[in-house]
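Participant: These are the residues of each chain, in order.
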Amino acid sequence: MSELIAKLKQQIVEQLNLADVDPATIDENAPLFGEGLGLDSIDALELILLMQKNYNIKIATAEEGQKIFSSVRAMADFIEAYKKA
Amino acid sequence: MKKLKIRNWSSINDHEVVLNGERKLTLKSDDTADQKLEFAYRALGVAYPKFFKMDAQSKLGWLSAEYLTKDGKLFDGTPSQDVALVLSNRKSSLDTDEQYQLSLQNEEEFLPSPAVFVYTLANIVAGEICIRHGIKGENNFLISEGFDASSLVNYVSILFEEELCQQCLVGWVEAYRGTLRSVLAFIETTTDEKATMLFTEEYLKQLYQTSEL
Amino acid sequence: MQKPVYIVNDHILSAIGTSTDSNWENVLKEKSGIALIDPLFPADQPIYGSQVKDYEQITSAATKLENLFLYSIQQLLRQSNLKSSNDRLMLFVSTTKGNIDLLQNEKSPSSDRVHLAAMAAFIQQELGLKHTPTVVSNACISGVLAIQTAALYIKHGYIDHAIVTGGDLFSKFTLSGFYSFKALSAGICKPFDKNRDGINLGEAVGTVLLTNDPTTAKGTYAVELTGYGSSNDANHISGPSRDGSGLSLAVKKALKHSPVSAIDVINAHGTATLYNDNMESLAFQQLGLSDAPLNSLKGYYGHTLGAAGVLEVIISIRSMLSNTVVKSLGYDEQGTDGKVNVAKTFIKKDIQTVLKTASGFGGCNAALILKKA
Chain A
0 MSELIAKLKQ
10 QIVEQLNLAD
20 VDPATIDENA
30 PLFGEGLGLD
40 SIDALELILL
50 MQKNYNIKIA
60 TAEEGQKIFS
70 SVRAMADFIE
80 AYKKA
Chain B
0 MKKLKIRNWS
10 SINDHEVVLN
20 GERKLTLKSD
30 DTADQKLEFA
40 YRALGVAYPK
50 FFKMDAQSKL
60 GWLSAEYLTK
70 DGKLFDGTPS
80 QDVALVLSNR
90 KSSLDTDEQY
100 QLSLQNEEEF
110 LPSPAVFVYT
120 LANIVAGEIC
130 IRHGIKGENN
140 FLISEGFDAS
150 SLVNYVSILF
160 EEELCQQCLV
170 GWVEAYRGTL
180 RSVLAFIETT
190 TDEKATMLFT
200 EEYLKQLYQT
210 SEL
Chain C
0 MQKPVYIVND
10 HILSAIGTST
20 DSNWENVLKE
30 KSGIALIDPL
40 FPADQPIYGS
50 QVKDYEQITS
60 AATKLENLFL
70 YSIQQLLRQS
80 NLKSSNDRLM
90 LFVSTTKGNI
100 DLLQNEKSPS
110 SDRVHLAAMA
120 AFIQQELGLK
130 HTPTVVSNAC
140 ISGVLAIQTA
150 ALYIKHGYID
160 HAIVTGGDLF
170 SKFTLSGFYS
180 FKALSAGICK
190 PFDKNRDGIN
200 LGEAVGTVLL
210 TNDPTTAKGT
220 YAVELTGYGS
230 SNDANHISGP
240 SRDGSGLSLA
250 VKKALKHSPV
260 SAIDVINAHG
270 TATLYNDNME
280 SLAFQQLGLS
290 DAPLNSLKGY
300 YGHTLGAAGV
310 LEVIISIRSM
320 LSNTVVKSLG
330 YDEQGTDGKV
340 NVAKTFIKKD
350 IQTVLKTASG
360 FGGCNAALIL
370 KKA
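Residue numbers (numbering that gives the first Met the number 0), protein chains in the order written: chain A, 0 to 84; chain B, 0 to 212; chain C, 0 to 372.
Honestly, the hints are just simulated from the structure, not real lab data. Treat the hints loosely; a few may be bogus.
Covered stretches of chain A, going by a simulated chain B footprint (3 or more residues, C-beta under 8 angstroms) [to be verified]:
| no. | region |
| --- | --- |
| 1 | 16 to 23 |
| 2 | 37 to 45 |
| 3 | 48 to 59 |
With the Cβ distance kept under 8 angstroms, some of the chain B side facing chain C (calculated, not the full set) [stated by the list, open to error]:
| no. | residue |
| --- | --- |
| 4 | Leu103 |
| 5 | Phe116 |
| 6 | Leu163 |
Since the model is a prediction, treat every value here as computed from it, not as a measurement. No residue lacks a Cβ here, since even glycine has one placed at the ideal position from N, Cα and C.
One chain only, chain A, in its complex shape (with noise of 0.2 angstroms):
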């Protein structure tokens, strides 16, 4: 968990040009959005990109994305689970 944890920091600092933000500097329990990062709805598009490209996971809408990355440990449990499924 920890490990795709790590690797999921990675991405998003890639995946959304957060080019100043050193990923292990990213609280994985912190909300994604609203504080911190800075991150807006074409962020939230990109996030949804991520997911498909690297975890061949569809997520139809935005609405449905705001759930699943509402933090970094969130959308790793959300994987996992997928994974298991």
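Since the structure of chain A is already known, use the hints to place chains B and C on it.
Facilitator: Okay, now just chains B and C, sitting in the frame of chain A:
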């Protein structure tokens, strides 16, 4: 007719960043356009993480406007809805259009990026500048075969005459396949009889030509 | 003394007609040009849109879009006394992507005309127009802004007449982009409706003739352009402002410069995305325009991008001339936070003034006020 003058102007090309005719920064010739833009950004010492999400043309326009600020402000005291932004170029957003078009070739894994697509409009650079400086006034993006000083001076003069603006940022912003070229001038009215840097076709053309050197 | 500026003639080429008359007849019949189309890429939803399928090839040297522009402008000139060689006439072109289909075919002899100004120059030369055209490319407000720009040039004496033409292709490029934004409707769009779920893209060309001298230009009517304004939300490059304040600024500016006392009809942008329509509703409420009959024409044409502003102004003019508020196709139930009076049916009413608005990517907004002369 209102008398208009250029308060200050900036230009960026592949070699340098210039403010009011004086070199502010020399860009390394073996750097890529992206590296040059990042270097010019770092030199400003401001923190604007969204800069790295922009395409080259938006970065270029954003930087050109940033170099015109004083204490972080592009304008002070004028209501934000009375500041206009009029931009122009030849290539529209072709640099990013080509990049986006490439991402459409792969039908096996068809995943076009919204973060790339959004920059496939000429005026997105204008949006980025407006967001940064809170410009809420008239917007226009004119595409021409070459730098058209006459149209820009005519159009901006009309905006002033119609009282559609009190100040205006106007110029040319184009980034294409690694070549950078921008000239932005901040225009305001003046009552000073001896004012220099008047906003005329000849003078604006001269600024553009200077930026080529 | 500045002379007023009028629109005196027009032409529409769209999925529902090759003339303004046929377009207007089909609008009155509630005919939509939007249909299920072959997806141009692997999509996980049905794709609807409107396309111009039957069009005349004016010259084999022209691309599809150029042929559409040429046809529309030629039809317009045919209805007028004005010669294309008139020294006081200028062409204004509104487009977001022009010949974007040429990107796929760099070896084409017309490949340089992927540049918007080169495309406009080609049209100018084909028609024998004297002056270098002005090209406005400012996302979805391009059409309204091009009309404003032309009107201001005329008002200030730089020219006397202007042809303003707006157009864009239905392309894989743009379609896939809105798809990536998850902004495409799964059916025919429903502007301002509670169940709206996104936009349809459309293809069209609309052309208007502007003049300060209706006798010389010989129009079929004269509608005055009295108020202009544009603005930027300064908020986000793709999302509309949440509160509609940016659009309000543009409308206020247009009203400030216009002598009209009341707005009889609002022809809104109404793309049918959740956020756009909601933003517009809040703006109109703030402006005290909640009771003015309002419509969006996207249910007939889809979002025709560079054509939209021009095309919608033309239909609004027909609406004024026939004193008929056009039904906002696809609307059933109020679905916005701001109160707006969306036209559920065609309404007979004396229409002296129309407010036309548009908003687009880059945070831009534009407003225009039309007045019966």
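Participant: For every hint, state whether the structure bears it out.
Facilitator: Results of checking the hints against the structure:
Residues of the region 16 to 23 of chain A with a Cβ under 8 angstroms from some Cβ of chain B number 5, which satisfies the need for three, so the listed coverage holds. With 5 residues having a beta carbon nearer than 8 angstroms to a beta carbon of chain B, the region 37 to 45 of chain A meets the requirement of three or more and the stated coverage holds. Using a Cβ-Cβ cut-off of 8 angstroms, 3 residues of the region 48 to 59 of chain A lie near chain B, which meets the minimum of three, so the contact claim holds. Evaluation of the leucine 103(B) hint against chain C yields a held restraint, the C-beta minimum of about 6 angstroms falling below 8 angstroms.
Against a cut-off of 8 angstroms between C-beta atoms, the interface hint on phenylalanine 116(B) holds, since the closest Cβ of chain C lies about 4 angstroms away. Taking 8 angstroms as the C-beta contact cut-off toward chain C, the hint placing leucine 163(B) at the interface holds, the least distance being around 7 angstroms.
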